[in-house]
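Chemist: Put together the whole structure using the sequences plus the hints.
Per my numbering, residue 111 is the first one in the sequence shown, and the count goes up by one each step.
Do not rely on the hints blindly, as some may be mistaken.
In silico DSSO-like pairs for lysine-lysine, Cα to Cα no more than 30 Å straight-line [what the hints assert, rightly or not]:
id, residue 1, residue 2
1, Lys-319, Lys-277
2, Lys-571, Lys-554
3, Lys-476, Lys-571
4, Lys-158, Lys-454
5, Lys-274, Lys-316
6, Lys-219, Lys-316
7, Lys-316, Lys-404
8, Lys-277, Lys-263
9, Lys-207, Lys-591
10, Lys-158, Lys-541
11, Lys-319, Lys-219
12, Lys-571, Lys-604
13, Lys-207, Lys-316
14, Lys-263, Lys-319
15, Lys-554, Lys-604
16, Lys-440, Lys-591
17, Lys-298, Lys-333
18, Lys-207, Lys-440
19, Lys-183, Lys-319
20, Lys-293, Lys-454
21, Lys-263, Lys-219
22, Lys-439, Lys-476
23, Lys-219, Lys-158
24, Lys-591, Lys-293
25, Lys-182, Lys-404
26, Lys-591, Lys-476
27, Lys-439, Lys-277
28, Lys-307, Lys-219
29, Lys-454, Lys-591
30, Lys-264, Lys-298
31, Lys-219, Lys-277
32, Lys-298, Lys-541
33, Lys-183, Lys-274
34, Lys-591, Lys-541
35, Lys-207, Lys-263
36, Lys-158, Lys-554
37, Lys-316, Lys-264
38, Lys-219, Lys-293
39, Lys-293, Lys-274
These aren't lab readings, by the way, just hints derived from the structure by calculation.
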Amino acid sequence: MLNIDLISVAVASNSGSGSGDGDSFTLHLLHTNDVHSRFEPFTSRNTKCNPEELDNCFGGVARRAGFINMMKKELGEIMLLDAGDQFQGTPWFYFYKGHDSSHFLNELKYQAMALGNHEFDNGVEGLRMFLGNVTVPILCSNLDLTTAPDFMKKVNERIEITYKNHKFDVVGYITDTVVELSKTEDLKFSNELEKVKEVVTDLVRKGSKFIIALGHAGYEADKRMAREIPDIDIIVGGHSHTLLYHGSSAGVEGDYPTVVRHADGRRTLIVQAGTAGKWVGVLNVAFDEEGNVKSWSGNPVLMNLSIPEDPAIAAQIEYLNGNLSSMFKKVLGRTDVFLDANDKICRSQECNIGNLFTDAMVSFFKERNANATIAFINGGGLRGSMERGDITYTDVITTFPFTDVIMVAETSGRALLEALRYSISDFNPNKEKHGKFLQVSGLKVVYNAENENNTFVVSAKVRPDYEDIRPNATYRIITGKFLLAGGDGYTMFKGNDTRILEFGSWNFFSVSVSVN
Numbered sequence: 111m112l113n114i115d116l117i118s119v120a121v122a123s124n125s126g127s128g129s130g131d132g133d134s135f136t137l138h139l140l141h142t143n144d145v146h147s148r149f150e151p152f153t154s155r156n157t158k159c160n161p162e163e164l165d166n167c168f169g170g171v172a173r174r175a176g177f178i179n180m181m182k183k184e185l186g187e188i189m190l191l192d193a194g195d196q197f198q199g200t201p202w203f204y205f206y207k208g209h210d211s212s213h214f215l216n217e218l219k220y221q222a223m224a225l226g227n228h229e230f231d232n233g234v235e236g237l238r239m240f241l242g243n244v245t246v247p248i249l250c251s252n253l254d255l256t257t258a259p260d261f262m263k264k265v266n267e268r269i270e271i272t273y274k275n276h277k278f279d280v281v282g283y284i285t286d287t288v289v290e291l292s293k294t295e296d297l298k299f300s301n302e303l304e305k306v307k308e309v310v311t312d313l314v315r316k317g318s319k320f321i322i323a324l325g326h327a328g329y330e331a332d333k334r335m336a337r338e339i340p341d342i343d344i345i346v347g348g349h350s351h352t353l354l355y356h357g358s359s360a361g362v363e364g365d366y367p368t369v370v371r372h373a374d375g376r377r378t379l380i381v382q383a384g385t386a387g388k389w390v391g392v393l394n395v396a397f398d399e400e401g402n403v404k405s406w407s408g409n410p411v412l413m414n415l416s417i418p419e420d421p422a423i424a425a426q427i428e429y430l431n432g433n434l435s436s437m438f439k440k441v442l443g444r445t446d447v448f449l450d451a452n453d454k455i456c457r458s459q460e461c462n463i464g465n466l467f468t469d470a471m472v473s474f475f476k477e478r479n480a481n482a483t484i485a486f487i488n489g490g491g492l493r494g495s496m497e498r499g500d501i502t503y504t505d506v507i508t509t510f511p512f513t514d515v516i517m518v519a520e521t522s523g524r525a526l527l528e529a530l531r532y533s534i535s536d537f538n539p540n541k542e543k544h545g546k547f548l549q550v551s552g553l554k555v556v557y558n559a560e561n562e563n564n565t566f567v568v569s570a571k572v573r574p575d576y577e578d579i580r581p582n583a584t585y586r587i588i589t590g591k592f593l594l595a596g597g598d599g600y601t602m603f604k605g606n607d608t609r610i611l612e613f614g615s616w617n618f619f620s621v622s623v624s625v626n
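Modeler: Shown next as structure tokens:
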């Protein structure tokens, strides 16, 4: 028996009467975001479950399926949406290349999914294969389809979903910074706010009463969208891995739903449900017949052991897990301490798993006489923690799942200092953390996030003697091709100050497992 009321799902949020008269009906909306290939359960420390701690295991697609089935049984009719980033994060994606994501989206019968930036991690061709397999409508209004004409039948600006004889228009969007974050190649994207505003204006002109924005741009961007487009009733968001919750719960970053109130009395409700499928959001919204939000309730529901798994999906997971190559279970080394990849830490300060990986990069190239003492990676690349004990390929791939290659380059002190300033430029302890924050080896950097002159870097010293970085000096660095190509906004490495050296392009796994 669940320890929640399945119909209301959670305590009612602050609700009130909206404008307009007439009978009301209630939408029961279930939503996920940023699942990141988490098809198996995991612990509260984002590590693999084991039989000794099943009470500390959460998520998994079989449990999500079980919960969705229960909600359908209890509520009758639901709407099921996903806000993007089904791809990337575990050996499943490394092995199945997104075929697993399309399969389970189809199995769980999602009604729409927004494209996330990680859906491009296998390039445009990888996305093309995904689109060919998935039967769920994929939404992205601000993708310029003239740059990908073969996507026109697969990617939609919006779709119409009929719910209890009412027509809901669902508009998709993605952050326009996706071109800096993934392998979008020649695809072009317009500003998501302006494009959604254009689409919603057209929908209202045509008489649409119920509008949902489903997108992947982050909590701050979603709040801005809600303020500027009052005709949106609900925003289902992702990208920032934000856990919104009404009441007290660990890791909460805002109220569920976050309510933006407009001058004319209307409200826009914003929801997001953390990451990795650990939670499934459940929002109940009462509308009047004119499309006005009258009241709301709900909360994300924790996918713990009180939620029974769907046995058919669980059997599929067991079968597919057995297909994973035995190489993923190979022991590469061991750790005597817990290595923490919590994104609230690694995206805002030094973390021990970032130290391990960057130190391993320096050691690897020291053996190849590269004479490089500085290494760095973006904190957003670190996705999974490691428990004390043996380290396997699975652990390495879960921690750093991207198919980046590590390279040696020469760059100026000027570019290096610019990169360090950029690393901390969006820091705000009370807001979403950004993946561009650098984890480093061979540097001692002191940051001041309250520095009024906006430089943020108090001092930056370099190994071996930890002298101040000199702007006109040349330094050898070790980092990923992703950053050297300007990924995550590191455009300072694309200029004449930086050149790649001939020490080869090494797969990240080769680098990380060579030192143990």
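Chemist: Which earlier hints turn out false for this structure, listed by number in ascending order?
Modeler: 13, 27, 36, 39
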